[in-house]
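Asks: Given next are the chains, with one letter for each unit.
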Amino acid sequence: MDGLFTLIVSYLRQLARQSVHVYRKDMLVEWRSPSRFLGVLFFAFALIFMVAFASNTTDVMRRQAGGSIWIGLLLASTRSLDQSFAAEMEHGALEGQVLWPVAPPAIFFGKAFANASILFVVGLVLTPFALALFDVTPRGSLLELGAFLFFGSTALAAPGTLLTAITSQARGSSVLLPLLMFPLVVPILMAAAKGTSLVLLPDVMDQSTAWLVALIVFNVIHWPLSALLFGPVVEGGTH
Amino acid sequence: MADSPPGLVIDDLARRYGRRWAVARISFQVAPGVACQVTGPNGSGKSTLLRCIATALRPHHGAARLDGKDIWAWRRTMRRDIAFLSHDSRLYEDLSAKDNLQSWARLGGYSANVDALIERVGLDPKRDDPVRMFSAGMRRRLALSIALMKQPKLLLLDEPFAALDPQGRALVIDVIREICATNAVVLMATHHPEEAAAACDQHVRLESGRQVVA
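Order-wise, the sequence lines are chains E and W.
For the first sequence, the working numbering gives the first residue as 1, with consecutive numbering after it.
For the second sequence, the working numbering gives the first residue as 1, with consecutive numbering after it.
With the rest of the complex left out, here is chain E (with noise of 0.2 Å):
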């Protein structure tokens, strides 16, 4: 029984310094490639500024703030995570760590959790511009704001990385993404939207914290999951 809970606490160390480096890994090249980051920001900052431009009274305006940050935030995803997998396949990259001693679900955690950091950060900067923009003073607490902009943006990097592992293998992975990925994470979405406008609005009824927990278990539902499927996705090209 020791044995066996040594070899566990072994495994588990050393997917998690393989994750870290697979995090590492990519936020360097993240960092050495800006373009791609910032790229993704305008394309946030476009369909806010859209979505303002379309309301016609600024009572609307206030009321669609919150669902305003996670519809730039879920597009600008699509073309984040499309990205991070073209610098993985576009010189075999991915198969190369795959032939690699490194455990899938490692690739997975630090390739997910670069990309829900990016998306994070986008949030963080998407979202001062978007409370101006639309005139409203967040009435709830920054921080649990700052919590639905972490858990929103995890709970769409996980299932998120492992669709474009799959869709990066195709050809029209771009198109094939979107349509793949929206209907999985529409509930994770209006978690995420509705909790965030009763952070800026009046939350009469005290609903933010359960829309938060509805986040953190779509992310205790998501994390683990998508780390299993992960390694047949990236080793199907094998059979």
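In case anyone wonders, no lab produced these hints; they're calculated from the structure.
Cβ atoms here follow ideal geometry from the backbone N, Cα and C, with glycine treated the same way.
This list has only true hints and no planted wrong ones.
One-sided and incomplete, this derived list gives chain W residues near chain E with beta-carbon spacing under 7 Å:
1) Ala-56
2) Arg-80
3) Ser-89
4) Arg-90
5) Asp-94
Given the structure of chain E, go ahead and fit chain W onto it with the hints provided.
Replies: For chain W alone, coordinates are given in the frame of chain E:
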């Protein structure tokens, strides 16, 4: 399995794409410390054979064994000791040569001297340049240094001379000799048998996925 001799044993290995057999029932052995070249026209199955041995493809029949162990069955552990220089360079365009090597070393937990590896393949002056500025030959050299990082028991080289200048080709020959001196096995697919003969003691020829000479 216990009766399998040391080194690389290819035992009745076959792989198909759809209904077409790309590699059909190939069998040969390469002893430790020996380099073997695999030749044949385009589409003869050289790359498929190497990819099966590298565990990038699962054989549909037969097996490849290294020191008695079925490579596919033990792929999770065997990948630590098998290095594969494929057509793809596995490089990240926006990272420098040094960043690329460091990333791969950290990922695999290899304590390789990255600077020495870069120097070994003659890219010392370009170590901090982004790979996107490299020529095809320089990328090939860098990819070779990633393969060498593993200090492999089995080195698989798919067209290693492609895009290389005469110095680069001489480097590949030197590397093969060095690897063989560590009692490892080298298997190389090539269209340059005369050049490869300088380092290879054994020759396997494939035609239409079938073995012609062993």
